[in-house]
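Novice: Use these hints to put chain B with the ligand onto chain A, whose structure you have.
The listed protein sequences correspond, in order, to chains A and B.
The working numbering numbers the first residue of the first sequence as 1 and each following residue consecutively.
The working numbering numbers the first residue of the second sequence as 1 and each following residue consecutively.
Since the hints were derived computationally from the structure, they do not count as laboratory data.
Accuracy of the hints is not assured; some may be wrong.
Said to hold, decoys possible - Okay, derived cross-link-like pairs now, BS3-like style, lysine-lysine, Cα gap no bigger than 27 Å in a straight line: (1) B:K20 / A:K77; (2) A:K77 / B:K135; (3) B:K405 / B:K294; (4) B:K39 / B:K20; (5) B:K405 / B:K39.
On a predicted model such as this, the values are computed, not experimentally measured, just so you know.
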Amino acid sequence: MTDRYFPDLMPSPGISRESLPWWEAALEGRLVVQSCTACKAERHPPAPCCNRCGSYDQGVRDTAGTGVVYTFTVVHKPLIPGMPEPYVVASIELDGTEGLRVVSNLVEIDPSEVRIGLEVEVVFEHMSEELVVPRFRPKS
Amino acid sequence: MSDRARQACIVGIGETRYAKWGGITDASERGLACQAVAKAAADAGLAVADIDGVGSFADDRNLGVLIARDLGMRELRYAGMSWLPGGGGACGALGSAARAVEAGHAEAVVVYRSLCQGQHFRFGSAAASYGQLEKPGFHQASNLLEAEMAFSLPFGMFSAPIAYAMVMQRHMHLYGTTSEQMGAVAVATRAHAQRNARAVMHGRPMTLEDHQASRLVAEPFRLFDCCLENDGACAVIVSTAERARDLGQPVIRIAAHAEGAPGQYGWGPFLDTNGSDELYAGGGASVVAREMWKHADLSPSDVDVAQIYDHFTGLVLLVLEAFGFCEVGESGPFAASGALAWPNGALPNNTHGGSLSEAYMHGMNHINEGVRQLRGTSTSQVEDARTCLVTSAAGVPTSAALLVKD
Ligand SMILES: [Zn+2]
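In isolation and in its complexed conformation, chain A is listed as follows (with noise of 0.2 Å):
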C-alpha cells in the first residue's frame, strides 16, 4: 500500500458530487462502480440519475478489484516530471460487473508485455493522506 507509481505533481481529479463517492471509497481502498439504488443498474462514469430507470437516488457498489485488459497504450512521452517512461493507459473490465471499464493504470510490469486480455487486480496508490488512486498490476 505504500509503494508509489507516480509523481506527487500528476493531475488530481477534480471532484463532483457524482463522482465524490468514487474517490471516497480509494480513499479506504475500496474499488467501486456506481449502482442505481432503485434499479440496480450499473455505470462508469458515474452520472447524477440513472440513465435506465431514472432514478436520482445512486449509490456504489464494492467490486472485487479484479478484471482484464480491453485496451491500452503506451505513452512515451510523459508531461510531467518523475513519470515512469514509458507508461501505460489501460481500460479495464472489472470482473463482476456489467462489463464496466474504468480507466487506469497498468504497474509492475514491462510495458512491452502489456496485452489485451491481460488479467489484472487493484492497487491502490497512496499520494496522500487525501487521494488515493487505484491502478491495477497483473493477477497474483
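Specialist: Just chain B with the ligand, lined up with the frame of chain A:
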C-alpha cells in the same frame, strides 16, 4: 426538402497563410479570424457588411458577436455555436449555417476557425496542468468536462493521441489492422501536400519507411500518425442557391449534412471507454453517416473525392468504415491498397494534405478543399469531381456534409 431557391450553398472560401505552431506573431488570433472571413467574402464577391450570420463550434475563443462587430457587419441575424466537441464540429457548424439560411433566418453566414496556438494553451489538450496541486488531493471541478476528466487525467490520459491510440489498439486486436495500414493514410496525404503550396508540409515528402521510423508517441501511434499543430485561420460563407447563382463562383450545394452520435457515446473515448466494441472501436460516426446518406439520397459509390478529418491516421480508417466505403474491419487493407491516393485511388482523400500535412485548422480547411475540388481548382484535382464528402473528427460526437456541384 427545403425550397430549392433557398437551398444552402457554399459561396466563398478563405484562409490566411498557415504556419507552424506559434509561427504567426504579427497578428492576433482575432485579427486572423477577421482576415479569413474577409478573404472568404472577397472570394464570394460579397461585401463583408453583407454577412449577417456567424457560426462556430467547440468553445471558439473568437466570439462571433465580436468578430461581427470587428468586420462591420451591417446586422447580425444568426449566431450559432455547436455543442460538438473538439474537431467534431466544423461540418456541424456548416450544417447549422445551412439550416439558418434555408429557413430564412439569414442570407450569408460565415463559419470560421482561427488558431494562434502560441498565444494560448493548446486547444483540445487536457492541459496536464489541469488539476495539478501542490499536494495531491481533492478540488472542486469547475465544469462538467473537468468533472468527467476526474476519471482520465489522474491516470495520465492527458491528450487525444493517448485516448485514440487505445481505440486503435482495440481495432487492431479485433480486425488485425496494422501500423503500416495507418501509415498508408499518412503517406497518401503527405503526397497530396507536395502539390499544395499552402501546406505546412509542402516540400517535405514522406515514405512509408519514414512513417515506420518515426518515434512512438502513444502505441500504436507514431509521430506521423498524429496531426500537425498550426497557426492560421480559415472561413467559409454559406448562402442560398439563388444568391449563389448571382455571385461569381460555381454553385456548390450542401446537399446533405448530419451531426450527432450513437446513444451512450457521451464525449466519446476521450472520457469514457465503456460500450460495445462497435461503439468504442467504431469511431462513433455511424449515426452521422446513416443520417447524412438518408438526407443525401446518394450512396458511397457516388462520392468522387473525400476530405475525412485526420487528427490521427487510424480515425480516418474508422470513418471509411462508418460511411460504408468498406466493411467494418476492412479499412486497413482498403487504405493500404492505395484507395486514398490521388489520382488513381478509388477515393482520393484529403487532397489538400489534411490535418496531417496541410494544416490543423480543426477541419475547416477540409471544407475549403471540398469546395476547391468541386470548383475544379484543387492542386490534386479529381477529374470531373461532382460530389465530395467532408467529415469532422471521429472519436467525439461528430458531423459530416456532402457537397455537390450543381
Ligand atoms: Zn435505475
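Novice: Look at each hint and say if it fits the structure.
Specialist: Hints, one by one, checked against the model:
1. B:K20 / A:K77: With a Cα-Cα distance of about 21 Å, the restraint between B:K20 and A:K77 holds, given a limit of 27 Å.
2. A:K77 / B:K135: holds (23 Å)
3. B:K405 / B:K294: holds (19 Å)
4. B:K39 / B:K20: holds (21 Å)
5. B:K405 / B:K39: holds (22 Å)
Checked against the numbered hints given earlier, this structure breaks none of them.
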